[in-house]
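Participant: Kindly produce the complete structure, drawing on both the sequences and the hints.
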Amino acid sequence: MLAATTSTLAPTRDQGALADDLCKALLTPENAGEMAALLADLCTPAEIRTLAERWHIARLLDGADLTYRDLHDATGVSTTTIVRVARFLKQERNFGYRMALDRLGEARNAG
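Residues in the sequence shown are numbered from -5 upward in steps of one, following this note's numbering.
Hints listed in this document are in silico derivations from the structure and should not be mistaken for laboratory results.
Treat the hints with care, since some could be wrong.
Claimed, not checked - List time: in silico SDA-like cross-link candidates among lysine to any residue, alpha-carbon distance up to 25 Å:
no. : residue 1 : residue 2
1   : Lys84     : Asn103
2   : Lys18     : Leu95
3   : Lys84     : Thr38
4   : Lys18     : Ala52
Facilitator: Here it is, written out as structure tokens:
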């Protein structure tokens, strides 16, 4: 049996608090296998596939000279999703895709 936690956790509907808590949980895996296990518990197979497709499209948009139609034909990902990923990669202020792409590029160059 698991021991009870010492911190107090109360139910909430505060989306900011929920997102912050999720972000902290997503930072806990120490390797890809642990992250895969966490994602398998958190997400449905369809949600994981959707996230993986978006990430794949972001990498292709960043590193390949393909049209959106070429990407759709090669991956089966909808052009709507491709356009959305492209917008977030190139125009939105979050820069989440950019950060991850750059960090993975640095890790590849260092290793």
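Participant: Each of the hints needs a verdict: does it hold here or not?
Facilitator: Hint check results:
About 23 Å separates the Cα atoms of Lys84 and Asn103, which keeps this hinted pair within 25 Å; it holds. A distance of roughly 20 Å separates the Cα atoms of Lys18 and Leu95; the hinted pair therefore holds under the 25 Å criterion. Between Lys84 and Thr38, the direct Cα distance comes to roughly 28 Å. Violation of the 25 Å bound is thereby established for this hinted pair. The hinted pair formed by Lys18 and Ala52 meets the criterion: a straight-line CA distance of about 24 Å does not exceed 25 Å.
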